[in-house]
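Protein chains: 2
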Amino acid sequence: MNVRVGIVVTGTEVLSGRVADRNGRWMSEQLLEMGVDVAHITICGDRPADLTAELAFLRGVGVDLIITSGGLGPTADDVTVATVAEFTGRPLHSDPALREDIAQIIAGWQRARGFGDGTQLSPATLAGIDKQSLVPEGATSIPPTGTAPGVAIAAQHSEDAAMPAILILPGPPRELQQMWPAALATREVGEVLSRHDDIEQSTIRMYGLPEADLAATLRAAESDVDGFGDLEITTCLSRGEVEMVTRYSVRARPVYAELSAMIEKSHPRQVFSIDGSTIDDQLAELLRGHLVATAESCTGGLIAARLTERPGSSAYVAGGVVAYSNEVKIAALGVPAELIAEHGAVSEPVAAAMAQGALTRCGADVAVSTSGVAGPSGGTAQKPVGTVCFGVAVAGRDTYTRTLRFPGDRGDVRALATTAVLHMLERSLRR
Amino acid sequence: MNVRVGIVVTGTEVLSGRVADRNGRWMSEQLLEMGVDVAHITICGDRPADLTAELAFLRGVGVDLIITSGGLGPTADDVTVATVAEFTGRPLHSDPALREDIAQIIAGWQRARGFGDGTQLSPATLAGIDKQSLVPEGATSIPPTGTAPGVAIAAQHSEDAAMPAILILPGPPRELQQMWPAALATREVGEVLSRHDDIEQSTIRMYGLPEADLAATLRAAESDVDGFGDLEITTCLSRGEVEMVTRYSVRARPVYAELSAMIEKSHPRQVFSIDGSTIDDQLAELLRGHLVATAESCTGGLIAARLTERPGSSAYVAGGVVAYSNEVKIAALGVPAELIAEHGAVSEPVAAAMAQGALTRCGADVAVSTSGVAGPSGGTAQKPVGTVCFGVAVAGRDTYTRTLRFPGDRGDVRALATTAVLHMLERSLRR
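Chains as they are written, first to last, in this note's numbering: chain A, 49 to 479; chain B, 49 to 479.
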């Protein structure tokens, strides 16, 4: 039986949907990559009774480790440490050294912000520091990466009950991620995670493949690939790409290799990644030595934003034009007004002219363009909502154009068009 | 006691962190706006035992309604309906009318894709349809918005046990959202939700206010505002804005009004919304009759993408330039090369020239610009990572510039700079 982890995300802002949870997702990915299974992620508000109920649930289903995120702040609505202490029957004690560390951090912040010399902390601040330096008896505190320390509590197995190990981490994603290595290095957590099986995880990514076609291939594999049952396969359609993630024990490596080869052979045009790399990773590689420009209408800047998301992208992104109005298409990209009058702004000739304009005006050697009807209004019988024309201009080559029709709402159409153009760019660069 | 709901999100791709959950968030927001409390959101993979454990947990903590999302597909790894049927002790029956409806939908899809005339469905497809038309005994099925029908099961209260109402919804967010009104209209769900108290929720949004300052105001309100204890307040810092959401029963309306007035009075420059509107909502209003352009360096298209996110934004967004390289700043925005040489690309003079360039070249009457060091590299002692220079150009006025320094990683800096420029634009337009 593999090690299983339960994650508890606390915070009324997450429970209420106002803020998307990033911590549960992030930790789950980290743990899966280590070969550790996550069984449940639960989210509750900052209420001791609800948090206790989730802890009891996870203990009840027998997870080996519970990780909580959030609720470590200085104010009264942050209740995680006290609630976990109560749950595990460990009284809270003040840790004077920790108290001093937190006071130093806060004094440093106040100095940096110009609030005095940091030697005078207000009574409210001091009360917060007192609260944040409380540690459950016998637990290990993990140095703060913001102001809140983490806490690691060892598993306890008695004859009549088992208490899993509990790791308490802060809520701000940056603090949590910075604390992660130190948290894994604690004896309490290390003890649990070291017991995990050797599980591997591999990802195949496909573009332009209907999920049903992949399902058919997998059905065939079920009978053709010996040991298929040892693979845990999940497929998922996201932004137009199909992602197939397989988990298997090291022993089943040859089985996975056989399946992977079969999928590549069945869908050679659609499989674009078998090593876990994303289209963004691949473009970052392919664009080395190139300079790319964008000319966006319906995607409104999403392509440029995506291309510049990565550190170091300034080496290959020249820039681009968001040509939302026809005037900007004409003035900033040099699209002939007659072309727009003749074919309409959403047309392949205009998309081609936009890409060529971006190429020239931004001094790039490769450029992509979009012009489409993102909706909800603006659709016609010939060009319904979801219609997007694309252009890919490469210096010294004919400009490639294409028209696709995407389902969904405005946000879907914009996201799908962005993914589509990245794949067109990738195929152009590989040619 | 108010009505409490528990949400179960199923799907290995969500549990593993590969896909962010949108359904739990979305439903939670919908329910809170209706005055219904969400107590827990739980996430598990497509494993019957884990799903059953979560259902039992939610029944155990006494929620009135459980809503599940996901696991309704035609393939074997989709287990929600069968698992819930087992959990509630209701055998599954095939619904012939539903079967026919689903077959029609799939045949229509196949015709649209050009796969024959849709009269010949493969054995695998037919098996999937058989599976999707199974309904637990006594339950109401909700017409599919994709291919999967939803299911509503009434609460059952016997002497020795209580079974909450259960609503089963599909996983794809669009299908779930489209099915939502019909789901709420079922007798089974309506019965539960009609019992909720009259709870209101109000939001105040602030920009540029340290959370600690708001905390101090709230501490003062605790003693100054009579009935303060009847308000359930949560505050949350997101993309540089502080959002304070308060829930209260209709009876406490005057208490909230007093608190709201106090906060507005204490932070007049920072409170920008007391009616729930976002900065995006406000800009959409303020930009009526204007034409806005963008000139982005470090934000790389995020501002333009944000401004064009809304339907109808083409009425006031002209477009913009993503001027990532200096060459593009010079060629596409007309920034003088000497200005860059003298002050550096990340400087207020260059930001001003960028905004002015966007204004002129895009034929706009208001334009914003960013030039900064998003990191992780490129920082210097004078301009460390996180430094961003902004410009706001309004036709007929002096161009406004400002420099801010943001914490965090590349993604944080880009997101915070985007929010900052939207607030600068808003203040400019109000002036």
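Honestly, the hints are just simulated from the structure, not real lab data.
Check the hints yourself; a few may be wrong.
[Claimed, not checked] So these bits of chain A aren't anywhere near chain B, every CB distance computed over 12 angstroms:
{"hint": "1", "residue": "Gly59"}
{"hint": "2", "residue": "Val67"}
{"hint": "3", "residue": "Leu146"}
{"hint": "4", "residue": "Asp208"}
{"hint": "5", "residue": "Thr251"}
{"hint": "6", "residue": "Gly275"}
{"hint": "7", "residue": "Val303"}
{"hint": "8", "residue": "Glu312"}
{"hint": "9", "residue": "Pro316"}
{"hint": "10", "residue": "Gln330"}
{"hint": "11", "residue": "Ala352"}
{"hint": "12", "residue": "Arg358"}
{"hint": "13", "residue": "Ser361"}
{"hint": "14", "residue": "Thr467"}
{"hint": "15", "residue": "Leu477"}
[As the list claims (entries may be wrong)] Quick partial rundown of chain A residues pointing at chain B, CB under 8 angstroms, derived from the structure:
{"hint": "16", "residue": "Ile91"}
{"hint": "17", "residue": "Glu270"}
{"hint": "18", "residue": "Val370"}
{"hint": "19", "residue": "Arg445"}
[Claimed, not checked] Chain B residues, not near chain A, derived (Cβ > 12 angstroms throughout):
{"hint": "20", "residue": "Ile154"}
{"hint": "21", "residue": "Trp157"}
{"hint": "22", "residue": "Ser170"}
{"hint": "23", "residue": "Gly186"}
{"hint": "24", "residue": "Pro192"}
{"hint": "25", "residue": "Arg317"}
{"hint": "26", "residue": "Arg358"}
{"hint": "27", "residue": "His391"}
{"hint": "28", "residue": "Glu396"}
{"hint": "29", "residue": "Gly423"}
{"hint": "30", "residue": "Tyr448"}
{"hint": "31", "residue": "Arg475"}
The structure presented is a predicted model; accordingly, all values stated were derived computationally and were not measured.
A virtual CB, placed ideally from N, CA and C, is assigned to each residue, including glycine.
Do the hints match the structure? See the list:
A beta-carbon of chain B comes within 12 angstroms of the beta-carbon of Gly59 (chain A); the shortest separation is about 8 angstroms. Chain B draws Val67 (chain A) into its interface by the beta-carbon criterion, the shortest separation being 6 angstroms against a cut-off of 12 angstroms. Every C-beta of chain B lies more than 12 angstroms from that of Leu146 (chain A), the closest at about 21 angstroms, which supports listing it as non-interface. Consistency note on Asp208 (chain A): stated as away from chain B, and its beta-carbon is indeed over 12 angstroms from all of that chain's, at 20 angstroms minimum.
The beta carbon of Thr251 (chain A) sits about 9 angstroms from the closest Cβ of chain B, which is not more than 12 angstroms, so the claim that it is off the interface is violated. Under the 12 angstroms C-beta cut-off, the non-interface status given to Gly275 (chain A) relative to chain B holds; the minimum distance is some 18 angstroms. Once the 12 angstroms rule is applied to beta carbons, Val303 (chain A) is consistent with being away from chain B; the minimum gap is 18 angstroms. Listed as outside the interface, Glu312 (chain A) is consistent with that label: its C-beta sits roughly 21 angstroms from the nearest C-beta of chain B, beyond the 12 angstroms cut-off.
Every C-beta of chain B lies more than 12 angstroms from that of Pro316 (chain A), the closest at about 21 angstroms, which supports listing it as non-interface. Distance check on Gln330 (chain A): its Cβ is at least 18 angstroms (rounded) from any Cβ of chain B, clearing the 12 angstroms threshold; non-interface status holds. The Cβ of Ala352 (chain A) does not lie farther than 12 angstroms from every Cβ of chain B; its closest approach is about 3 angstroms, which violates its non-interface assignment. Not every Cβ of chain B is farther than 12 angstroms from the Cβ of Arg358 (chain A); the closest lies at roughly 8 angstroms, contradicting the non-interface assignment.
Remark: the non-interface label on Ser361 (chain A) conflicts with the geometry, its nearest Cβ contact in chain B lying 8 angstroms away (cut-off 12 angstroms). Residue placement check: Thr467 (chain A) keeps its beta carbon more than 12 angstroms from all beta carbons of chain B (closest about 14 angstroms). Distance check on Leu477 (chain A): its Cβ is at least 18 angstroms (rounded) from any Cβ of chain B, clearing the 12 angstroms threshold; non-interface status holds. For Ile91 (chain A), the suggested interface contact is upheld, since its CB lies about 4 angstroms from the closest CB of chain B, less than 8 angstroms.
Restraint check, Glu270 (chain A) versus chain B: the minimum CB separation of about 10 angstroms is more than 8 angstroms; hint violated. Here the hint on Val370 (chain A) is kept, as its CB sits about 4 angstroms from the closest CB of chain B, short of 8 angstroms. Here the hint on Arg445 (chain A) is broken, as its CB sits about 22 angstroms from the closest CB of chain B, past 8 angstroms. Listed as a non-interface residue, Ile154 (chain B) fails to keep its Cβ farther than 12 angstroms from every Cβ of chain A; the least gap is roughly 10 angstroms.
Trp157 (chain B), annotated as away from the interface, has a beta carbon of chain A within 12 angstroms; the closest lies near 10 angstroms. A beta-carbon of chain A is positioned within 12 angstroms of the beta-carbon of Ser170 (chain B); the least distance is around 9 angstroms. A cut-off of 12 angstroms between C-beta atoms confirms that Gly186 (chain B) is not in contact with chain A; the least separation is 28 angstroms. No beta-carbon of chain A is positioned within 12 angstroms of the beta-carbon of Pro192 (chain B); the least distance is around 15 angstroms.
With 12 angstroms as the threshold on Cβ separation, the claim that Arg317 (chain B) sits away from chain A holds: the shortest Cβ distance comes to roughly 18 angstroms. Arg358 (chain B), annotated as away from the interface, has a beta carbon of chain A within 12 angstroms; the closest lies near 8 angstroms. With a minimum CB-CB distance of about 18 angstroms to chain A, His391 (chain B) clears the 12 angstroms threshold, and the non-interface call stands. The Cβ of Glu396 (chain B) sits about 20 angstroms from the closest Cβ of chain A, beyond the 12 angstroms cut-off, so the non-interface label holds.
The beta carbon of Gly423 (chain B) sits about 7 angstroms from the closest Cβ of chain A, which is not more than 12 angstroms, so the claim that it is off the interface is violated. Distance to chain A confirms Tyr448 (chain B) as a non-interface residue, since its nearest Cβ pair spans about 22 angstroms, more than 12 angstroms. No beta-carbon of chain A comes within 12 angstroms of the beta-carbon of Arg475 (chain B); the shortest separation is about 22 angstroms.
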